[in-house]
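Peer 1: In case you want the letters, here they are:
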Amino acid sequence: MGFIGDSIQSVKSIQIRQLLTQIVSLGMIVTSALIIWKALMCVTGSESPVVVVLSGSMEPGFKRGDILFLHMSKDPIRAGEIVVFNIDGREIPIVHRVIKVHERNDTGEVDVLTKGDNNFGDDRLLYAQGQLWLQRHHIMGRAVGFLPYVGWVTIIMTEKPIIKVSFLQIFFL
Amino acid sequence: YERARAANAEEAEALAALRGLETARHLGLQRILLLSDCQRIVRAFRERSEDLSWGALTLAPDMRAAADFFLDFRFEERKKERERLREKMHSFAYRANALLTFAVTILAVMCSIASLSDNLNAPSPTAQVQVMNINWFQKQPNGNDEVSMSLDISANLESMFTWNTKQLQDHLFFLNENTPKNSDLFYPPLFPRLPPDSPGSSSDGGMIFPPYGANWSNNHLRRSCSVTDICMGSDPLGSGLGWKPCCTLQECIVFVFLAAEYETPQNSLNQVSLWDGIIPSKEHAKFQIRTTNKYRFIDQGSNLRGKDFNMTLHWHVMPKTGKMSADKIVMTGYSFPQVYR
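In order, the protein sequence lines correspond to chains B and Z. Per the UniProt record's numbering, the first sequence starts with residue 1, numbered consecutively. Per the UniProt record's numbering, the second sequence starts with residue 1, numbered consecutively.
I should point out that these hints are in silico values taken from the structure, not numbers from a laboratory. Some hints here could point you the wrong way.
What the hints assert, rightly or not - In silico DSBU-like cross-links for lysine-lysine, where the CA-CA straight-line distance does not exceed 35 Å:
| hint | chain 1 | residue 1 | chain 2 | residue 2 |
| --- | --- | --- | --- | --- |
| 1 | Z | Lys-80 | B | Lys-74 |
| 2 | Z | Lys-282 | B | Lys-63 |
| 3 | B | Lys-164 | B | Lys-38 |
| 4 | B | Lys-74 | Z | Lys-320 |
| 5 | B | Lys-63 | Z | Lys-320 |
| 6 | B | Lys-63 | Z | Lys-294 |
| 7 | Z | Lys-307 | B | Lys-160 |
| 8 | Z | Lys-328 | B | Lys-63 |
| 9 | Z | Lys-320 | Z | Lys-307 |
| 10 | B | Lys-74 | Z | Lys-88 |
| 11 | Z | Lys-286 | B | Lys-63 |
| 12 | B | Lys-38 | Z | Lys-282 |
| 13 | Z | Lys-139 | Z | Lys-88 |
| 14 | B | Lys-74 | Z | Lys-328 |
| 15 | B | Lys-164 | Z | Lys-88 |
| 16 | Z | Lys-320 | B | Lys-164 |
What the hints assert, rightly or not - If you want a taste of the chain B side facing chain Z, the calculated C-beta under 7 Å gives, among others:
| hint | residue |
| --- | --- |
| 17 | Gly-27 |
| 18 | Gly-56 |
| 19 | Pro-60 |
| 20 | Lys-63 |
| 21 | Ala-79 |
| 22 | Lys-100 |
| 23 | His-102 |
| 24 | Glu-103 |
| 25 | Gly-145 |
| 26 | Leu-147 |
Quick caveat: nothing in here was measured; it's all calculated off a predicted structure. Glycine is no exception: its CB is placed at the ideal position from the N, C-alpha and C atoms.
Isolated chain B, as found in the complex (with noise of 0.2 Å):
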């Protein structure tokens, strides 16, 4: 019947909607999160300017759960800094300290040892094999600010996808 018709052909209007308005709310939530992760990667010149610490290795300073601000400029690498590197063949990088400083008179390269300042020997097992040293283009940024537990949640989704699942589904209904 005529009206049987138009009540329904209402009633999926509304409801269709609120599902577009839903998907289109969470696609702006997404991109925006997206904008804000390229302009902080302009603004503090490195790959990722956000990291999560993994391990204990920089306890009591850093712990696992903290996030780590990094930002890489021109300056020289020093004794003391903490930074972020990435060792080839490895996928996660490493937030350790800088103990060992040599710079070459003639082209300002620099060798530089870290050491993570909870374990008792230096990064050299780390390295790839026959490395001793790092060089600037390992470096990918250097921490200059920290926010504790904050990085739970992104460790926990990572380790237990069920967790991301649910979230989302709770989010969607």
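Starting from the known structure of chain B, arrange chain Z on it as the hints suggest.
Peer 2: Positioned in the frame of chain B, the structure of chain Z alone reads:
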């Protein structure tokens, strides 16, 4: 309409409305506000549509006729029951969201206040390093020199953890040049005189009060952060903001290390960390230890014989939240022996 039957819910709604209007007329009421949650009836009434295909709409002319009797008649829509419940739920969600956002904002503001520098507190640590003994000094098979030494390190970093009230008085006295020295601490003048000063290196004394515009120096004051430091950045971390964290409002952990710095023909700078330690709180800020070098002191090459070097004590302040900062004391006058031992 009492005996009329409704074929569906909308007709029942329209009939109920008509009955209500009749009753109101009998009661002699003049001003009527009729609320219905049936959108279509309200719209049909308003638009005066002549489309009578839909059952309830046949009653629309009757409703208009009944409405004409009243002085002021309004027929408006009222949200459905479940929609109102949904809105209530939503408003709870919105309120919870607003509360959470507010709480997080307050937390962020407190963190940033705690991590801002207290510009009136200029840390002035002291340190002394003595090389008690050169245990051995050899050339490795790979051609690099290596040395092992025993050190006596004593330092006092307590000024980083506390307000120094004597310093505060000195600072504020400078502002208040016309008042006697024991004036009230918290009585600064509104318009301090400021001789323009060239933006100096960080060894220049400077102060911020008020925080914008003013930049003057007083060589009697110990070193503190100045506007030029903040704006043009003279901090070793190179981030452009020379704020030093405030360890009086929050807990900080200070990482201290002693490095030997020297120059060689091949390298413009060599820094080798010899010892490090962690100061977790103010109680441990004053210490003295005797130790051999924790990390092997190996040169790149064989340049150490007779070489002069500096001992620098670095400290890195890591506050609970906020920006980290670092500084150092340079002690000169150390040198290696001329021959291997």
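Peer 1: Each hint needs a verdict: does it hold in this structure or not?
Peer 2: So, going through the hints one by one against the coordinates:
no. : hint                   : result
1   : Z/Lys-80 to B/Lys-74   : violated, 64 Å
2   : Z/Lys-282 to B/Lys-63  : holds, 21 Å
3   : B/Lys-164 to B/Lys-38  : holds, 23 Å
4   : B/Lys-74 to Z/Lys-320  : holds, 27 Å
5   : B/Lys-63 to Z/Lys-320  : holds, 11 Å
6   : B/Lys-63 to Z/Lys-294  : holds, 24 Å
7   : Z/Lys-307 to B/Lys-160 : violated, 56 Å
8   : Z/Lys-328 to B/Lys-63  : holds, 25 Å
9   : Z/Lys-320 to Z/Lys-307 : violated, 41 Å
10  : B/Lys-74 to Z/Lys-88   : violated, 55 Å
11  : Z/Lys-286 to B/Lys-63  : holds, 25 Å
12  : B/Lys-38 to Z/Lys-282  : violated, 40 Å
13  : Z/Lys-139 to Z/Lys-88  : violated, 81 Å
14  : B/Lys-74 to Z/Lys-328  : holds, 21 Å
15  : B/Lys-164 to Z/Lys-88  : holds, 28 Å
16  : Z/Lys-320 to B/Lys-164 : holds, 28 Å
17  : Gly-27                 : violated, 19 Å
18  : Gly-56                 : violated, 14 Å
19  : Pro-60                 : holds, 6 Å
20  : Lys-63                 : violated, 11 Å
21  : Ala-79                 : holds, 4 Å
22  : Lys-100                : holds, 5 Å
23  : His-102                : holds, 5 Å
24  : Glu-103                : holds, 5 Å
25  : Gly-145                : holds, 4 Å
26  : Leu-147                : holds, 6 Å
Consistency note: the structure conflicts with the earlier hints numbered 1, 7, 9, 10, 12, 13, 17, 18, 20.
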